[in-house]
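Residue numbers (the numbering used here), protein chains in the order written: chain R, 1 to 244; chain Y, 1 to 250.
Each hint should be verified, as a subset may be incorrect.
As the list claims (entries may be wrong) - EDC-like cross-link-like pairs, simulated, lysine to aspartate or glutamate; straight-line CA separation at most 16 angstroms:
no.: 1; chain 1: R; residue 1: Lys-2; chain 2: R; residue 2: Glu-221
no.: 2; chain 1: Y; residue 1: Lys-115; chain 2: R; residue 2: Asp-157
no.: 3; chain 1: R; residue 1: Lys-142; chain 2: Y; residue 2: Glu-59
no.: 4; chain 1: Y; residue 1: Lys-181; chain 2: Y; residue 2: Asp-212
no.: 5; chain 1: Y; residue 1: Lys-114; chain 2: R; residue 2: Asp-157
no.: 6; chain 1: R; residue 1: Lys-72; chain 2: Y; residue 2: Glu-59
no.: 7; chain 1: Y; residue 1: Lys-127; chain 2: Y; residue 2: Asp-193
no.: 8; chain 1: Y; residue 1: Lys-230; chain 2: Y; residue 2: Asp-212
no.: 9; chain 1: Y; residue 1: Lys-115; chain 2: Y; residue 2: Glu-130
If you are wondering where the hints come from, they were derived from the structure by calculation, not from laboratory data. Given the structure is predicted, the values throughout are model-derived calculations rather than measurements.
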Amino acid sequence: MKKMYLFIALAFILAGCSGNWGWYVVNPTTEGGFVNLKFLLSGLYYTILTSLVAIAISILIGLVVALPALSKNKYLRGINRFYVEIVRAIPILVLILWVYYGLPQVAGITIDVFWAGVIALALSDSAFEAEIFRAGIQSVDKGQYEASHTISLNYLDTMRFVILPQAIRRVLPALGNQLVYMLKMSSLVSVIGMEELTRKANELVVTEYRPLEVYTILVLEYLILILLVSAAVRRLEKKMNTGN
Amino acid sequence: MSSNIDNQIICVEKISKFFGSFQALKDVSLSVNIGQRIVICGPSGSGKSTLIRCINGLEQQQGGKIIVDGIVLNDSSDSLTKIKSRVGMVFQQFNLFPHLSVMDNLTLGPMRSKKITKIDAEALAMKYLERVRIPEQASKFPSQLSGGQQQRVAIARSLCMEPAIMLFDEPTSALDPEMIKEVLDVMSELANDGMTMICVTHETGFARGVADTMVFMDDGEIVETAEPEKFFTKPKTRRCQDFLDKILHH
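Turn these sequences into a full structure, and let the hints steer you where they fit.
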């Protein structure tokens with residue numbers, strides 16, 4: 001499957017090269033093309049950094065938001081529902097714009113592009129993480145809580161040592177999905193000017209007037225990045241499943 | 001049942017339990033002395049499991065009183081915490097932690113709730129693994145063990161908390177026939193060592209050999225309480241007789 005994608009992409013590029021298109025803008029053997037490619041690739045740093053920081057924060061928020069959903073108390077469950085429904089209803093792009101332009105005014109703080117992007121992505125994703133964790137935790141057998149009860153574990157220890165390790169193993173594929181999703185959604189923070197892959201591509205298009213060639217490289221950049229991440233997630237899954 | 005107040009370790013007084021509109025327990029009272037070995041039997045849905053689950057706080061009773069080892073079980077989490085640490089429980093489905101090795105299954109409770117060091121907890125775990133005769137399985141995971149071995153690990157896990165009372169909720173019902181004996185043997189040894197036990201089980205051989213008191217429950221009530229010999233040979237009530245006919249002659 002992976003090979004096939006790469007083959008199609010390659011065929012596409014080669015077909016373009018033979019025509020009268022402008023592949024020279026990204027041809028690494030020419031000096032100009034090399035500089036352009038380096039410029040495009042330099043966006044990788046912020047794409048990866050933003051995504052990783054955002055997913056880490058969103059997993060933490062997701063976990064904290066998921067726990068009240070499992071409570072017997074209906075008000076606690078209500079808090080969870082309220083958060084998930086509200087956050088899930090806001091488009092990511094809208095949230096990014098609001099956090100960057102609106103939040104500083106509301107909260108009276110200055111917020112730079114990086115943190116605005118990270119916060120917006122993390123908040124937006126956290127509702128999904130919360131639902132994933134809720135499903136994962138609910139899938140753990142009731143007997144595990146009862147066994148924890150009989151060996152006198154308190155709530156936090158029960159969660160930390162018994163329930164969550166099992167739940168996380170089960171939701172790992174879903175968490176991997178969210179990471180891939182996050183890498184893709186991070187392209188949206190280009191609108192507030194974060195110098196990530198998409199922003200770099202947009203800037204190059206403006207100076208070179210070669211959207212097809214530049215955006216094709218952009219597609220390949222995301223493709224390769226995400227295929228690598230998927231492979232890493234799958235390896236992690238395998239590793240965590242030995243022992244079960 | 002002879003009950004001497006000084007010796008009493010569990011006192012259940014007129015407890016009731018409802019699941020929705022279904023009444024699982026109807027004013028049930030039970031007194032257990034130190035060292036007493038009670039076997040509870042009865043048809044399914046008669047409230048046996050619910051009764052012992054109330055004793056360690058897995059279910060909350062509605063009405064009535066439960067006192068375990070001098071501690072009154074009430075809504076305060078403090079009383080529940082104390083009682084939990086005095087009462088061990090073994091389940092029909094073992095309920096081992098599948099992501100932890102046998103050793104980690106055993107040391108988790110002592111290390112987290114009793115704040116025992118890892119070294120001491122492991123020594124304790126080995127002691128009880130030897131007692132249930134599977135010390136060589138310490139580094140394996142539950143899924144690598146047979147059902148009988150898993151249940152013995154579960155017993156050892158409870159013993160690691162050094163409880164005053166052990167509750168067994170149909171400990172052999174999920175086992176293949178050839179594995180039942182190894183679990184019952186461990187339970188018999190435990191009884192011989194003087195452990196106070198309440199067992200919900202239909203293993204009549206075990207009941208005759210180990211129990212000093214039989215309790216028959218039906219429809220949320222304790223119908224009959226007797227010594228095993230009398231219980232099995234001359235049950236007083238019709239309901240008990242019917243039940244015994246079913247489990248003894250098949």
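Against the structure, the hints:
For the hint linking R/Lys-2 to R/Glu-221, the alpha-carbon distance of about 14 angstroms falls within 16 angstroms, and the restraint holds. Between Y/Lys-115 and R/Asp-157 the alpha-carbon distance is near 12 angstroms, which keeps this suggested pair within the 16 angstroms criterion. Note on R/Lys-142 and Y/Glu-59: the hinted pairing holds, with a Cα-Cα distance of about 13 angstroms set against a maximum of 16 angstroms. Between Y/Lys-181 and Y/Asp-212, the direct Cα distance comes to roughly 20 angstroms. Violation of the 16 angstroms bound is thereby established for this hinted pair.
Restraint check for Y/Lys-114 and R/Asp-157: satisfied, since their Cα atoms lie roughly 12 angstroms apart, inside the 16 angstroms limit. The hinted pair formed by R/Lys-72 and Y/Glu-59 meets the criterion: a straight-line CA distance of about 14 angstroms does not exceed 16 angstroms. Between Y/Lys-127 and Y/Asp-193 the CA atoms are separated by roughly 15 angstroms; this keeps the pair inside 16 angstroms, and the hint holds. The hinted pair formed by Y/Lys-230 and Y/Asp-212 meets the criterion: a straight-line CA distance of about 11 angstroms does not exceed 16 angstroms.
The suggested pairing of Y/Lys-115 with Y/Glu-130 is violated, with an alpha-carbon distance near 23 angstroms, which exceeds 16 angstroms.
Consistency note: the structure conflicts with the earlier hints numbered 4 and 9.
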